[in-house]
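**Student:** From first to last, the protein sequence lines are chains A and B.
Heads up, the first sequence is in the working numbering, so the first residue is 1 and it goes up one at a time.
Heads up, the second sequence is in the working numbering, so the first residue is 1 and it goes up one at a time.
If you're looking for bench data, these hints aren't it; they were derived computationally from the structure.
Treat each hint with caution, since some may be false.
Below, a sample of chain A positions facing chain B; criterion: calculated Cβ distance under 10 Å [what the hints assert, rightly or not]: (1) Met-1; (2) Ile-2; (3) Thr-5; (4) Trp-274; (5) Asn-391; (6) Ala-392; (7) Leu-397; (8) Gln-547; (9) Arg-548; (10) Gly-549; (11) Asp-550; (12) Phe-554.
C-beta atoms are modelled at their ideal positions from N, C-alpha and C, and glycine is treated no differently.
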Amino acid sequence: MIAETGLAALWLAAALCGLQLVFGVMALRSDDSGVATAIRPVAVVQGILTALAFAMLIWLFLRTDLSVELVAANSHSAKPWLYKFAGTWGNHEGSMLLWVAILAASGALVAVFERRLKEKTLIATLAAQAAIGLGFYAFLLFASNPFARLSPAAAEGRGLNPLLQDPGLAFHPPTLYFGYVGISIAFSFAVGALITRDVGPVFARAMRPWILASWIFLTLGIAAGSYWAYYELGWGGWWFWDPVENASLMPWLAATALLHSVTVLATRDALRAWTIMLAVVAFSMSMLGTFLVRSGVLTSVHAFAVDPRRGTFILALLIIYIGGALALYALRVGTVREGSRFEFMSREGALVVNNVLLSAILGIVLIGTLYPLGVEAVTGEQLSVGPPYFNATAGPLALLLVAAMAVGPLLRWRRDEWRNVMGRISLPVLISSLALFALVMFASPIGILPMLGLILAAGVAAASLAPLWKRNLRRTPLFTYGMVIAHLGIAVSMAGMAFESAFSEEVLVAVRPGDTHQVGPYSVTFDNTRPVAGPNWTAVEAGLTVQRGDGQPFTLAPQARMFSSPQTETSEAAIRTAWNGQLYTVLGNGDGSGRWQLRLWWKPFVTLIWLGGILVAFGGLLSLIGRVRRERKTMEREAWA
Amino acid sequence: MKAKHQRLTLAIIAIVAVIGAGFLALYGLRDNAALFRTPSDIAADPLPVGQAFRLGGMVADGSIEEQADGITIRFVVQDAEAEVSVLYSGITPDLFAENSGVVAEGALDAEGVFVAESILAKHDENYMPPELADVDMGREPGQ
Numbered sequence: 001m002i003a004e005t006g007l008a009a010l011w012l013a014a015a016l017c018g019l020q021l022v023f024g025v026m027a028l029r030s031d032d033s034g035v036a037t038a039i040r041p042v043a044v045v046q047g048i049l050t051a052l053a054f055a056m057l058i059w060l061f062l063r064t065d066l067s068v069e070l071v072a073a074n075s076h077s078a079k080p081w082l083y084k085f086a087g088t089w090g091n092h093e094g095s096m097l098l099w100v101a102i103l104a105a106s107g108a109l110v111a112v113f114e115r116r117l118k119e120k121t122l123i124a125t126l127a128a129q130a131a132i133g134l135g136f137y138a139f140l141l142f143a144s145n146p147f148a149r150l151s152p153a154a155a156e157g158r159g160l161n162p163l164l165q166d167p168g169l170a171f172h173p174p175t176l177y178f179g180y181v182g183i184s185i186a187f188s189f190a191v192g193a194l195i196t197r198d199v200g201p202v203f204a205r206a207m208r209p210w211i212l213a214s215w216i217f218l219t220l221g222i223a224a225g226s227y228w229a230y231y232e233l234g235w236g237g238w239w240f241w242d243p244v245e246n247a248s249l250m251p252w253l254a255a256t257a258l259l260h261s262v263t264v265l266a267t268r269d270a271l272r273a274w275t276i277m278l279a280v281v282a283f284s285m286s287m288l289g290t291f292l293v294r295s296g297v298l299t300s301v302h303a304f305a306v307d308p309r310r311g312t313f314i315l316a317l318l319i320i321y322i323g324g325a326l327a328l329y330a331l332r333v334g335t336v337r338e339g340s341r342f343e344f345m346s347r348e349g350a351l352v353v354n355n356v357l358l359s360a361i362l363g364i365v366l367i368g369t370l371y372p373l374g375v376e377a378v379t380g381e382q383l384s385v386g387p388p389y390f391n392a393t394a395g396p397l398a399l400l401l402v403a404a405m406a407v408g409p410l411l412r413w414r415r416d417e418w419r420n421v422m423g424r425i426s427l428p429v430l431i432s433s434l435a436l437f438a439l440v441m442f443a444s445p446i447g448i449l450p451m452l453g454l455i456l457a458a459g460v461a462a463a464s465l466a467p468l469w470k471r472n473l474r475r476t477p478l479f480t481y482g483m484v485i486a487h488l489g490i491a492v493s494m495a496g497m498a499f500e501s502a503f504s505e506e507v508l509v510a511v512r513p514g515d516t517h518q519v520g521p522y523s524v525t526f527d528n529t530r531p532v533a534g535p536n537w538t539a540v541e542a543g544l545t546v547q548r549g550d551g552q553p554f555t556l557a558p559q560a561r562m563f564s565s566p567q568t569e570t571s572e573a574a575i576r577t578a579w580n581g582q583l584y585t586v587l588g589n590g591d592g593s594g595r596w597q598l599r600l601w602w603k604p605f606v607t608l609i610w611l612g613g614i615l616v617a618f619g620g621l622l623s624l625i626g627r628v629r630r631e632r633k634t635m636e637r638e639a640w641a
Numbered sequence: 001m002k003a004k005h006q007r008l009t010l011a012i013i014a015i016v017a018v019i020g021a022g023f024l025a026l027y028g029l030r031d032n033a034a035l036f037r038t039p040s041d042i043a044a045d046p047l048p049v050g051q052a053f054r055l056g057g058m059v060a061d062g063s064i065e066e067q068a069d070g071i072t073i074r075f076v077v078q079d080a081e082a083e084v085s086v087l088y089s090g091i092t093p094d095l096f097a098e099n100s101g102v103v104a105e106g107a108l109d110a111e112g113v114f115v116a117e118s119i120l121a122k123h124d125e126n127y128m129p130p131e132l133a134d135v136d137m138g139r140e141p142g143q
């Protein structure tokens, strides 16, 4: 009955979604207030129903109900409960249900909390959200039904891909999806505002918290995914420019650009048409990512069952929604009034630079990601585009962007003078010069990108704090702190990337018991191997005794695991985190005569990469709280006036 | 500057940036996109020494040899018609085995040996690298 309840809830939600669209269109065509007041409750109930359907699926997975096809194909009764729970979305159908549940939840949240937006625009927004929803309900119900029954029931489930059996599965996908799908709100807002011709500062202020909220989740989701890949794959890398990673980076780039341009629109009523365009692009990138990851055109740990029908379905949705939004944009952009003017040397000017660079990086990542698919479709030639391309093209632009980020917040709105700007950035420039001096004098020679990265990071960290200079810290608004912390986070993260790429040490050796090797500040002694067993795996575990200088020795135990269902081997790295970096150890194969392969890395300050990501998200959160509070005050004031 | 002009300027900046990014991307792709080749492709038309590409095929039966240093292996990648000798230093990914599909990244050396920098991981026993789906290996892998 659980599966049937879930399926019924899903059908009902789809019907309500259709109703929401019809109500929206009716309310926009006539001034029928009855229909207009009904649209909010409909959106809320739709959200609750999909949440219910999703809860039913979780319940099925927790019970390991093997009469449900999806559970039988992707779960196993011997799995620890956390992976039964998180395994709900560790498969195609479950992850699409999560996608739709978050889409519906986004609509419901807008219906409940959005008070700033003009009534008509809100109705158009909810109608647009329903229009997106309909396509994805259809995809779920007709091409990816998670509740399909299996008769007769399976005796045992086939299990979950062992790479996914990690606490990361409980955190990374939902967080990423909240950002990924949450940005649909910006898309719907943009469509709504185009329909009602309502693009302006009030609209921008209403849209901003929603963008911020999904951007925070997206940032956290990407950082979490990066760390997960780093420790789980055992390759020692934290970003591989894999198309699947790019699929999450592209919406982030667009959303980051949008976040900054919407501020220009809200504060200075400029960049109207551009902001709308970015909102459309941001969610288009999310849908493109969904297509790339879920259609099976890419094979990766993220792509589950490969079914060409599904790929075509998502591609059709992609074309309809992006095409529709762009057509509406082309029709209506002429009616969007021109915004206010500004000098190049101004905060607006710097934000335009931010947007241009982010868009250029987005374009480069997009081309690099789609190029192999395009070439294969046209010529049949297979090729791959990897780190050499992305580092050479996106890397320098990212450095430029970060340099612009140092200057931007120090500029005044409207117009500023070169002379004043020079004064304000003199200290960060001095700090960067000192960093350059220190690197040249004391460090071994390093590559140009990491070199520039370290120098910039030092200056940018100083510059990001500069907006607080000579201000009354207690009266500084929370969103200013948010910006400062987010920008500081970028500098911290970049420092981590540069340190890792410039100063990592790697040792690859075949060892016998008693052998000692030096990597970074650590000496690592290989003691022995022993067999160990977990709930659904067995493993060979190495015993390593590690000592840093004269410090207290400690042990690390990397494993080579064999999972029973499905039969797969994985390597579990053992990692030691110190204040200034991580020691990363991986056990390889044995040759049968007692010799084992061992791979050791010393990665100085690598943790800064993810710490920076968390700071960025935290800055976003402060900003969100600050903006919402400010808006609430403004509304109270207006209510009194 | 009038508002209209400003908008035009911004539009032009955006277009220039997009075109610039496009050119930068194409320039980067010309040098950095790695091709995929099978052993018979190599036999028919060998790539220049040192040019990076991806080699895909099946690890030949009984061909994996451990070298004395304990970290390097030598093996043969074959398809239905040809074979290429491969040298790799490092930990082989999970599920790397004889008679199973493999994709390696690297380049040919002067002796025609493919020096692999990495061997792409396989995610589970049913997984087949997409490039290999069309390669005729002469028989079913794993048989």
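**Student:** In ascending order, which of the hints set out earlier in this document are inconsistent with the structure?
**Tutor:** Those not satisfied are hints 1, 2, 3, 8, 9, 10, 11, 12.
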